Amino acid sequence: MDKHTRLKTVLYQCASLVVLLCLGVMSMFYLAVHDQFDKKSRLAEIAKSRAGVISIDHIDCYHGTQSYLSLFGKNKAGNTIIVTIEEQSEQLLLSRPSNGISAKEAQEIAYQAGARAIEAVTFGIENHKRIWEVAAQNGYYLIDFKTAKVIKKEVL
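According to full-length UniProt numbering, the stretch in the sequence shown is residues 1 to 156, in order.
For the record, the hints were derived by calculation from the structure and aren't laboratory data.
Hints may be right or wrong, so weigh each one.
Stated by the list, open to error - The calculated lysine-lysine pairs, modelled on DSSO-like cross-linking and capped at a C-alpha distance of 30 Å, are:
no., residue 1, residue 2
1, K8, K39
2, K146, K104
3, K39, K104
4, K153, K104
5, K74, K104
6, K129, K149
7, K76, K39
8, K76, K129
9, K146, K76
10, K40, K76
11, K129, K146
12, K39, K153
13, K76, K104
14, K8, K74
15, K74, K40
16, K153, K129
17, K48, K129
18, K48, K3
19, K39, K74
20, K146, K40
21, K76, K48
22, K39, K129
23, K40, K8
24, K153, K76
25, K152, K39
26, K74, K3
27, K8, K48
28, K48, K146
29, K104, K152
30, K129, K40
Said to hold, decoys possible - Derived CB-CB ranges, DEER-like:
no., residue 1, residue 2, range
31, V155, Q88, 23 to 31 Å
32, E119, E86, 21 to 29 Å
33, E87, Q137, 56 to 64 Å
34, A15, R96, 56 to 64 Å
Bear in mind that the values here come from a model prediction, so they are computed numbers and not experimental data.
Ideal placement from N, C-alpha and C gives every residue a C-beta, glycine not left out.
Could you put together the complete structure from these sequences and hints?
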């Protein structure tokens with residue numbers, strides 16, 4: 001086998017490995033995103049059938065001691081509502097935004113508690129309490145939805 005043929009063979013093998021690696025990474029990404037999309041679709045169906053939700057604003061995913069999905073939308077009466085479901089049991093919890101603080105207020109409370117460069121604010125349930133999880137560059141802050149108190153602060 002001459003040098004040129006050997007070089008071509010090595011290049012084809014390397015190209016094949018790169019293609020297989022890319023396909024593997026894309027498959028893993030697809031499965032991860034597809035699973036999350038399925039969970040959100042399931043929550044939307046449950047919220048529409050069991051809580052009377054007619055329009056959806058957005059959905060939050062909270063992963064604390066348990067995983068929860070929270071859907072923000074409007075019900076048939078036109079009221080804004082938060083429908084939270086525990087992923088394992090599919091237990092449904094309904095909340096009215098007017099019964100607690102907003103995400104923006106939770107963000108301000110986290111800033112006052114020392115948060116820097118806030119990355120995300122997520123609604124969830126922790127120890128049977130409705131909370132806002134504020135993820136910042138320097139840590140995580142759990143803010144009680146009803147009392148506006150900092151329940152937990154994890155500084156990185």
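Status of each hint after checking the structure:
1. K8 x K39: 47 Å, violated
2. K146 x K104: Holds: K146 and K104 sit about 14 Å apart, inside 30 Å.
3. K39 x K104: 26 Å, holds
4. K153 x K104: Cα-Cα ~18 Å, so holds.
5. K74 x K104: 19 Å, holds
6. K129 x K149: 12 Å, holds
7. K76 x K39: Between K76 and K39 the Cα gap is close to 23 Å, so the pair holds against 30 Å.
8. K76 x K129: 26 Å, holds
9. K146 x K76: Roughly 24 Å between the alpha carbons, so the hint for K146 and K76 holds.
10. K40 x K76: Holds. K40 to K76 sits at ~20 Å (cutoff 30 Å).
11. K129 x K146: 9 Å, holds
12. K39 x K153: 28 Å, holds
13. K76 x K104: 26 Å, holds
14. K8 x K74: At roughly 62 Å apart (the allowed maximum being 30 Å), K74 and K8 break the hint.
15. K74 x K40: 16 Å, holds
16. K153 x K129: Between K153 and K129 the Cα gap is close to 16 Å, so the pair holds against 30 Å.
17. K48 x K129: 24 Å, holds
18. K48 x K3: Judged against 30 Å, a Cα distance of about 67 Å means the pair is violated.
19. K39 x K74: Answer holds: K39 to K74 is near 20 Å, not above 30 Å.
20. K146 x K40: Given pair K146, K40 holds - Cα atoms ~25 Å apart, limit 30 Å.
21. K76 x K48: 10 Å, holds
22. K39 x K129: Given pair K39, K129 holds - Cα atoms ~22 Å apart, limit 30 Å.
23. K40 x K8: 48 Å, violated
24. K153 x K76: 37 Å, violated
25. K152 x K39: Holds, at about 27 Å.
26. K74 x K3: 70 Å, violated
27. K8 x K48: Violated, at about 59 Å.
28. K48 x K146: OK: K48 and K146 at ~25 Å, within 30 Å.
29. K104 x K152: The given pair, whose Cα atoms are some 18 Å apart, holds under the 30 Å limit.
30. K129 x K40: 22 Å, holds
31. V155 x Q88: 23 to 31 Å: 30 Å, holds
32. E119 x E86: 21 to 29 Å: About 24 Å separates the Cβ atoms of E119 and E86, which means 21 to 29 Å holds.
33. E87 x Q137: 56 to 64 Å: 27 Å Cβ-Cβ, so the 56 to 64 Å window is violated.
34. A15 x R96: 56 to 64 Å: For A15 and R96 the Cβ distance comes to about 58 Å; the hint holds.
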